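Asker: Next come the chains, spelled out residue by residue.
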Amino acid sequence: MNLRRSKIRVLVDILRAVEENEMTKPTHIMYKANLSHKLLKEHLDMLSTSDFIEKMNRGNNVYYQITEKGKRFMLQYRQMEKVATGFGLTI
Amino acid sequence: MAGFIPEWFLGFDSIIYIFVTMIGFTIGAQLFKLYKLTGDKSHLKLHFGMVVLSMGFLALSMVSGYAYLNFQKTCAVECNIRVFDQAIDIYDFGYWVYYIASLAAYFIIFMVYLPERGQFPAIFPLVWSVGFRTFHLISLFLLSYIIFRSVINYFSDRNVYRFLVMFSFLALGGYHALLFFSTFDPVIYVLGNLSLLTAFLSLLVMVIRVNRK
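Chains as they are written, first to last, in the working numbering: chain A, 1 to 91; chain B, 1 to 213.
Since the hints were derived computationally from the structure, they do not count as laboratory data. The model shown is predicted, which means the values in this text are computed figures rather than measured ones. C-beta: ideal position from N, C-alpha, C; glycine also. Be aware that one or more of the hints could be misleading.
Said to hold, decoys possible - According to the in silico footprint, chain A covers these stretches of chain B (three or more CB under 8 angstroms from chain A): (1) 11-20; (2) 32-38; (3) 42-53; (4) 147-153; (5) 181-189.
Said to hold, decoys possible - Derived lysine-lysine pairs resembling DSS-like cross-links, with alpha carbons at most 30 angstroms apart: (6) Lys-82(A) with Lys-32(A); (7) Lys-32(A) with Lys-7(A); (8) Lys-71(A) with Lys-38(A); (9) Lys-69(A) with Lys-36(B); (10) Lys-25(A) with Lys-38(A); (11) Lys-38(A) with Lys-41(B); (12) Lys-36(B) with Lys-82(A); (13) Lys-82(A) with Lys-69(A); (14) Lys-7(A) with Lys-36(B); (15) Lys-71(A) with Lys-36(B); (16) Lys-69(A) with Lys-45(B); (17) Lys-25(A) with Lys-69(A).
When you get a sec, could you build the whole thing from the sequences and use the hints?
Answerer: Quick look at the structure:
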């Protein structure tokens, strides 16, 4: 059994953490998605470039917010997760 | 083969196969969406398995429908043996397409559920000796492992989606088991086809529930 998370699973864990609140701090995402600072930065940059999340600056703090595209992706992911688990497959 | 199909059921089986084909392709499309999202090869294999299985049922629906219509047309006035034989030949050909497609599909799905890669059960030599009963027996053998895995999957974390898939594979197993014995009583053939329809309806319910907003 492969215990490593797939790339898509890591991205979904990040998006889940981001969509929990209206605006989410990177430290909260890092904690929730169980990632190192370096990996988190890489993935956040990728998700921002793909317009799944939006980076926002409030004073000295950086926050992330899920976009409409990100929300649509999460909806599709949740649907597909049901299909996969129904058939006993992992994502 | 037509000997153990009740006369009143002729045509209904073709309609069941058409429904099964449409549902099968719908599930296949859903599994392709899953593959596009994840890029996981096992998801692609399951998609292929479902598409190949549906193609088998498509062949079966076409030839059984054709044979039925030909039977009606030819025998309504007077049974023309030559035309009737021709229809039966096409019917048999369609059955062979269905046999091969179904076994290939079950084999692909079987491989998806195998825990370790690289293990190839010696099934293909058996395919050469396929007849009606052997086909259902091999299908049952392949399905029994798939059913076993789907039962484990359901009991590891009970939810409605896992239940519907488990129920579907169980009903598909029931279809092959019933058709294996269908030479004994024509009613068994009807029950087998109803079991097949139930199997695919169960998957259709799953897809509808998944896509419900």
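Asker: List in ascending order the numbers of the hints, as given earlier, that are violated by the structure.
Answerer: 1, 5
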